[in-house]
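Colleague: Following the hints, put chain B in place on chain A, whose structure we already have.
Each chain, written out:
There are 2 protein chains.
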Amino acid sequence: MKLAMVDDKITSFEELDPVHFDRGIYFGDGVYEVLRSYRGKIFALEEHLQRFAGSLAAIRITGIDVGVIRQRVERAFLAAGFANAKIYFHVTRGSEPRSHTWKPDLKPNFFLTVSELVDNPEEKAKGIAVCTHPDERWKRCDIKSLNLLPNILAKQAAAEKGFSEAILVDDAGFITEGAGSAFFAIVKRALQTAPLSANILPSITRQFVTKTAKNTGLAIEERCLTPQQAATADELFLAVTTKDIVPVVRFDDATIGDGRPGPCTKALIAEFQKFTV
Amino acid sequence: MKLAMVDDKITSFEELDPVHFDRGIYFGDGVYEVLRSYRGKIFALEEHLQRFAGSLAAIRITGIDVGVIRQRVERAFLAAGFANAKIYFHVTRGSEPRSHTWKPDLKPNFFLTVSELVDNPEEKAKGIAVCTHPDERWKRCDIKSLNLLPNILAKQAAAEKGFSEAILVDDAGFITEGAGSAFFAIVKRALQTAPLSANILPSITRQFVTKTAKNTGLAIEERCLTPQQAATADELFLAVTTKDIVPVVRFDDATIGDGRPGPCTKALIAEFQKFTV
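Protein sequences, first through last, are from chains A and B.
Numbering-wise, the numbering used here puts 186 at position 175 of the first sequence, and it's gapless, one number per residue.
Numbering-wise, the numbering used here puts 112 at position 101 of the second sequence, and it's gapless, one number per residue.
Excised from the complex, chain A in its bound form (with noise of 0.2 Å):
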């Protein structure tokens, strides 16, 4: 008899909630947004649907109607009833007994979750510290996918130092970007960040700190960075949906500026509320 066993208890297939047989704890196989409301409003909903359907079609899962998805987060942000909140949300290709190949009519799975986001005040005013890590991922973190063990190693590895993040750097020696973030550098009134490949993911909040930084009469330079430049950078800062742009004032052993967030950087955070409204 084709048996399952969850923990030390023997069950049949039939007995589990279906969710024991996604592909998406079986591989990975699924791809996943986070989204933030600011003050009752969800942020760049379009984009982040724009890019989950990008994502979707990158792994080959079909059968999904983003229209829905729009639906179903809006219902759900409503319910909820956070001003401020947290959705996250996945689609897997769907639950099947383990297989590499999939089954062509594989229906599949979606699950969400709405928290309160609650913003740390302190994080913006006096910076994080960073350190680096390196870049272990897979080929193609274009795709947000939930292939995430390098990231959470990292993560991980750099807390338990007493860092925020961990800014990862690849075998040629230069920064992708943060294991959960986009990282940025200022130089002489010129904000850097690396080029869009299919190593780094197309984040939502770098596009809104590009036209932030036009904004704030910046330039904006796509170069590759080594932890070298890093370090010696005017400013540096961290950009995430869930608490858009976070000055970074300390990167491994170095100080960055004075210690304190940077002119530019502040400009950037207060120019940027603008798009939250």
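Calculated directly from the structure, the hints in this document are not laboratory data.
The list treats identical chains as interchangeable, and a pair is accepted whether it falls inside one copy or across any two copies.
Below, simulated DSS-like cross-link-like pairs (lysine-lysine); rule was C-alpha separation at most 27 Å, straight line:
(1) 222 - 137
(2) 118 - 172
(3) 135 - 225
(4) 20 - 52
Everything numeric in this text was worked out from a predicted model, so none of it was measured.
Modeller: Positioned in the frame of chain A, the structure of chain B alone reads:
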């Protein structure tokens, strides 16, 4: 109110099976093993458990007693009652609301399935066709983790072109291994396979193939092969737990040998069976 949504149904966190919050699905934060039995006896259980302990340690999942895992595997195998069984199990770091860093006291989740393994004598008798595919995996493929999206995409792409396995080729142009198997060539009575590294799973079947090769008088050469070298080898085969040795008779467009399993591979298959009694 914090809430979750499964497909189109809004629910509370509390109402859901904790598996919905499994770090295995959020991040692929877990490790697994696949075992088989031959005629009522689990093959190489200790070797698999030893590798599993190594995988757990590599991603720092603690609190797992491998002796307990052994008991569960044996108990489930007996309960299922298949002479030839396929046993899959994974351990994830545990269930908690999504967060990159993990709670130190998280209880790992264990999941196992047993199903009947039906051997495919035709594959062994006639051999299979394989094709090359770019190796897009992460940099720690020596860990048997749940981050398998590049593997399944490669295997699916191969299957859709009529091939039974994808042979992964790294950026330097060398074969690492199959998407779900170890890969071997025979050239002038020498068994050739890539040396173990961070890019290659330490296959249990490989250990037995090596012993088998010694017993059949083959030399063993650990070397990285190019697709061109593989295509012109005297013989090729895969090694995988569920099927042990499978002859490869076509490699991309190239016919291997005379298009039928070669004499060394046949000798290896026969010799391997001695380990399974």
